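Undergrad: In order, the protein sequence lines correspond to chains Z and X. Plus 562 on top of the position in the first sequence (first one is 1) and you've got my numbering. Plus 242 on top of the position in the second sequence (first one is 1) and you've got my numbering.
Bear in mind the hints are in silico, worked out from the structure with no lab data behind them. Computed from a predicted model, the values in this text were never measured in an experiment. Even for Gly, the Cβ is constructed at its ideal location relative to N, Cα and C. Any given hint could be a false lead.
Partner residues are not named here, just some residues of chain Z that face chain X (Cβ under 8 Å, in silico) [to be verified]:
(1) Ser626
(2) Met674
(3) Leu677
(4) Thr682
(5) Pro728
(6) Phe732
(7) Ser733
(8) Arg736
(9) Thr741
(10) Gly744
(11) Lys745
(12) Lys771
(13) Arg775
(14) Lys778
(15) Arg819
(16) Leu823
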Amino acid sequence: MIRNNDTISPYQLAIIIIMTVISIEVFSLAAEAADNLGADGWLTIVVLGIIDIFSVLIIVRLNSIFPGKTIAEYSQIIIGTIPGKILTSFFAVYLIIVIAYVTRVFTEVIKMFLLFRTPTEVIMLSLILVCTYIVRGGIECVARINELLFPMLFIPFLIIILFGFPIMDFSNLRPVLQTPAGKVLTSIPGMIYSFGGIELALYYIGFMKEPKRAYKPLILSVLFLIFFFTMIIVFCIAAFGAKTITKIIWPLVAYIRLISLPGVFLERLDGVILSLWVLTVFTTIVSMLFIASYSISKVAGTNEHKQFVLPLVIIIYYLALQPVSIAELYEWGSIIFPYAVAAFIYAVPVVLLLIAKLRKLGVKQNESN
Amino acid sequence: MKAINCLRAVAAMLCVMLLAGCWDKIEIEDRLFVLSIGIDGAEEAEHQISEDKYTLSFVSPVVDQIKEGPGPAFRTYKTVNRSVIMSLSQLLERFSKKQFFGHTRNIFFGEDIMKDEKLLKEILDGISRYHEFHNSMYAYIVPGRAEEVFKVKPMYDKLLAPYIAGIIENSDYTSKVIKLTLSDMIIMLENQKGGLVIPKLVPEKEEVKINGAGVLKDYKLIGYLDDQEAAVYNWLTNKAKGGTIEVVYNDISTVFRHYTFNRKIEMPKMEGGKIYLNYNIEAEGSIEEYMMGKEILDNVLLNKISREVEKKIEDESEELIKKFRQEFKVDLIGAKDYLSKYQPKLYKTIENDYEKFFTDNIVIKVTAKVNIRRVGLIK
């Protein structure tokens, strides 16, 4: 059951999706894009983003059949109680793995650039424990923290990133559009994870009063993501060239390290940006952890999700410490995420929508009002 | 209830004590800011063990001497070791303070490093992997040994590193100084498969001179450009901004100062397996010096002088292009860059054998266009 004050506005939905999708992948995004397509690397993101707009349309369509219900609830109606619960638990497991992965990658970045001697465990635990505090507050807290942090993060970030213009050489983006279409398409599976997080809309739309009003904010947020990712890829490629960038693990951090603001007193901005970046990772973990605990509460059939949050921390912490090295970590990521993200963004909504249509399920729109 | 409150207080205290620790705190007094690093191949006599490959010299300021002190404002320290990072950690064994490389401004490579592909690659990897180094520091080649630079006692500056970095930053006003950051250097080596033009720094007793440039091919030093050639290199690669060009007109030496200097490449045609490239150079500026008693404020005269400047630019550019094609046999003057970016289809066909193609089949013509806008204060 969703209580009365547990609703989110369309604007909050857009912010949640944006802040969930943007997390650690922006650090390495440009390197992978350039690795796939060279100077045309941004093309993958644009094509993938357009595909994701369609999948978002499907997600909203599916949700508007069951207003006021999240996928954890209506999947039990569509495919039956047990299969629905299995699907929901898959979702929860997937989210827990993502959180663990994000936590670990972020810890590695922080350890590399900011806190060299702070133990990994402390960085991780302090990050996840703060998240649990928000998550226990429920959907409204999650929505508000996202709303609050969005301008705090993006305004300084966009200002700082623009100071990189002196080190950019936009001719590095040439030759433009020389990649054959086939190659663009084959590069897409490897990049699908970069939009991972959109699938949370399957849940969050359920917390809206009118699911139909989710079309506009979701499309806008996907457009914002396309713009943001493309900008980062373009800037990084312009600054380093497509060849060098593939050799750097985190091109965005390297790019920010090269920026020096006019006047000597503000050089070395990587510390500033990385401490801002704690916030996006924080919001990603918050929105995912909330959905993970919410899913578990639906599978277990309880009304509240609070009691599941702290036990999840132990699991996440344990999983995050599993990869031995950063190489193993990225290997794990490249094995798990392309399939998992593709399944949850594309396959699950389409299949559920088809079955719901075939079974003629759902509430008619005028009845629900 | 009281017990619960008590527990809460204890938990809060524990949180404060256990979580708020700062593992990475280093007081600024405990930091030793290393401002420049010089890297040489180790000499036989310096070897402590036979594996030693590098001599690294570090220079850092002596804070209390910078303003008023009578002593030298910086001190240098030298280590001999097997690798860059080993040397850095060796410093920790010798100093009470902790070295900090986040503000390092210059890195000097000795000639012997630049002549040895393996040594250079190892060094560059070590430097680009280490998180404390910022790649915005400037890179130089020093003919002879890099440690010589640190024996210089600058005439007008207390500190050596900002002095040298300051000269490089003058490249906005003089085209004879090539500006190369470590990041540019790594990018160029990557893009040109080991080709590089790196500013040459000559240490003297009381000053240093940025004088020409070293040319690398396949990670090996193959020659030097002189002062004027360095300027021409800046012209051809579109890196020049301000600068002066001197021409002799009617036996009077005339100085042209350019404020903007643009180079554009175009490919007019491809004939008989040869690629014709046009380097269009456009400069804008003023006449700074002519001769007392002779008026220069005359359109016809100015046109003639600008023809003269154009001719000089064209001749010197073609001279340097010839040098790159015939002597160095490596394309560091932007032709490859242009072809790969603007003629990708054509470039794909010649990519594998590009070096030979460059020396034999690329014809480069330089066309200069000089606009003299001003003549200074007197007629």
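Undergrad: It remains to establish, for every hint, whether it holds in the given structure.
TA: Right, here's what the structure says about each hint:
no. : hint   : result
1   : Ser626 : violated (45 Å)
2   : Met674 : holds (6 Å)
3   : Leu677 : holds (5 Å)
4   : Thr682 : violated (11 Å)
5   : Pro728 : violated (11 Å)
6   : Phe732 : violated (10 Å)
7   : Ser733 : holds (6 Å)
8   : Arg736 : holds (4 Å)
9   : Thr741 : violated (10 Å)
10  : Gly744 : violated (17 Å)
11  : Lys745 : violated (14 Å)
12  : Lys771 : violated (38 Å)
13  : Arg775 : violated (42 Å)
14  : Lys778 : violated (40 Å)
15  : Arg819 : holds (6 Å)
16  : Leu823 : violated (12 Å)
Checked against the numbered hints above, the structure violates hints 1, 4, 5, 6, 9, 10, 11, 12, 13, 14 and 16; every other hint is satisfied.
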